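Asker: Following the hints, position chains B, C and D against chain A.
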Amino acid sequence: MIGLTKDPIDPETIRRAVESDELGGLCIFVGEVRSLTSGRETSHLFYEAYEPMATGKMREIAAEASVKWSGKFALVHRVGELKPGDIAVVTAAACPHRNESFEACRFLIERVKADVPIWKKEFGPDGESWVEGETAS
Amino acid sequence: MIGLTKDPIDPETIRRAVESDELGGLCIFVGEVRSLTSGRETSHLFYEAYEPMATGKMREIAAEASVKWSGKFALVHRVGELKPGDIAVVTAAACPHRNESFEACRFLIERVKADVPIWKKEFGPDGESWVEGETAS
Amino acid sequence: MRLFAGLKSQHGTCILLEVPDPVCVEGVRSALKARGVWTSGARIALNHSFSNLDDTVNPGDEVAVIPPVSGG
Amino acid sequence: MRLFAGLKSQHGTCILLEVPDPVCVEGVRSALKARGVWTSGARIALNHSFSNLDDTVNPGDEVAVIPPVSGG
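Listed in order, the protein sequences are those of chains A, B, C and D.
With this note's numbering, letter number 49 in the first sequence gets 701, and the count goes up by one each step, no holes.
With this note's numbering, letter number 83 in the second sequence gets 735, and the count goes up by one each step, no holes.
With this note's numbering, letter number 11 in the third sequence gets 118, and the count goes up by one each step, no holes.
With this note's numbering, letter number 64 in the fourth sequence gets 171, and the count goes up by one each step, no holes.
Next comes chain A alone, as it looks inside the complex (with noise of 0.2 Å):
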């Protein structure tokens, strides 16, 4: 499982797509939406993509988290409005040993954080605006 969707996303349903009998070892990260952020609270996000971009992005990442491990991979990201508590995105790695799945499953919440072109707008008590650049989540 690799793209966007508008749909909430289930952590479970992507890690049954990347468990296998031969692959013991399984990291999954979920990041939700905090309800503070740099202490201003957050109403609800907007999070826009480049579609078409974002989604090649997405795959390329996994094709290249395949050259360095074996295993397999999933990543996911929410669009659309979120609000605390929802998720946003799902990065999951299944390999033969935990050490690959640690450090796959690090390497594509990085990889998405750094160079999917998706971005949010968050909404608070203090207005809106969009957010460029990591944020420490």
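Note that these hints are calculated values from the structure, not bench results.
Note that the coordinates shown come from a computational prediction; the quantities given were computed from them, not determined experimentally.
Any given hint could turn out to be false.
To be verified - Derived lysine-lysine pairs resembling DSS-like cross-links, with alpha carbons at most 30 Å apart:
1. C:Lys115 <-> A:Lys658
2. A:Lys720 <-> B:Lys735
3. B:Lys765 <-> B:Lys720
Said to hold, decoys possible - Only some residues are given here: those of chain C computed to face chain A with a beta carbon under 7 Å:
4. Phe111
5. Ala112
6. Gly113
7. Ala152
8. His155
9. Asn159
10. Gly167
11. Ile173
12. Pro174
13. Pro175
14. Val176
15. Gly179
We put the CB at the ideal spot given by N, CA and C, even for glycine.
Answerer: Structure of chains B, C and D alone, referenced to chain A:
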């Protein structure tokens, strides 16, 4: 959720137990029984625990994580007979940011593998044998 | 040229930019900066891939300004 | 003394061990090794915690031999 169980482990239940609106990063490790270990086929495994000590150690490990990182932590290990594909262990860490969630989740599984008194017996075509010491899972 | 995030709020989803022919990505970037359509750390994508400054931009190419991303 | 894993298969769940009184964990370990009830890398747990070699073992303490663990 911290402890041993004889029943199948549901990673989603564990994720929900640690998630919270203020904790944006959630890392979950799922260890499953492999069908092959170092080239040998596994038909099934039996996990035995020194139960009161294992439970105590797991609580101790979660408490150590709470000193190192702020967040919510879970670790659950299954005991009894497991087949390839079954989940043996899940560790989960929900933290404000993703870096801590990866570090804490990794810490939890490493500490389980090093210090929680649980042993596995492997059953395969060549017979059965107790495993002592860490395998590369 | 496709725009996103803050640049889209200021300038709209799409702008037309006059550039010399032929032009490379660096030329497009200069034209964008001259028009004030730029933000620190932005990159230019050509047909859905990040470009190099010396890539040639051809008629029909899809060009987009990618401000620093903030997914996740 | 409680035993687990390979040692349990060889010697049973529980063994009785005669030791001097008072005895520390190191003394228990020597007695176990003398009886062949030991495996490389094992540790001794006292009342559900890993012990130090100089901890005193008191009557009524729960003592267990913990072979290298293999959970996960």
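Asker: Report holds or violated for the interface hint on C:Gly179, using the least CB-CB distance to chain A and a cut-off of 7 Å.
Answerer: holds (4 Å)
Asker: Close enough to count: is the Cβ of C:Phe111 nearer than 7 Å to one in chain A?
Answerer: holds (6 Å)
Asker: Take the shortest C-beta to C-beta distance between C:Ile173 and chain A; is it under 7 Å?
Answerer: This interface hint holds because 5 Å falls under the 7 Å limit.
Asker: Identify whether the interface hint at C:His155 stands, where standing means a beta carbon of chain A within less than 7 Å of its own.
Answerer: holds (4 Å)
Asker: Does C:Ala112 meet its interface restraint, that is, does its C-beta lie within less than 7 Å of any C-beta in chain A?
Answerer: Hint holds; C:Ala112 Cβ to chain A Cβ min 4 Å, cut 7 Å.
Asker: Is the shortest C-beta separation between C:Pro175 and chain A less than 7 Å?
Answerer: holds (4 Å)
Asker: Take the C-alpha atoms of B:Lys765 and B:Lys720, compute the straight-line distance between them, and say whether it is at most 30 Å.
Answerer: holds (19 Å)
Asker: Using 7 Å as the Cβ threshold, decide whether C:Pro174 counts as touching chain A.
Answerer: Constraint on C:Pro174 satisfied, holds at 5 Å.
Asker: Do the alpha carbons of C:Lys115 and A:Lys658 lie within 30 Å of each other, as the hint requires?
Answerer: Holds, because 21 Å separates the two Cα atoms, which is no more than 30 Å.
Asker: Hey, does the C:Gly113 contact hint survive, CB to chain A under 7 Å?
Answerer: Hint holds; C:Gly113 Cβ to chain A Cβ min 4 Å, cut 7 Å.
Asker: When the nearest CB of chain A is found for C:Val176, is that gap smaller than 7 Å?
Answerer: This hint holds: C:Val176 lies near chain A, its Cβ roughly 6 Å from the closest one there, short of 7 Å.
Asker: At a threshold of 7 Å, is the proposed contact between C:Ala152 and chain A supported by beta-carbon distances?
Answerer: With a closest approach of 6 Å, the C:Ala152 hint holds.
Going down the numbered hints, you'll see the structure goes against 9 and 10, while the others check out.
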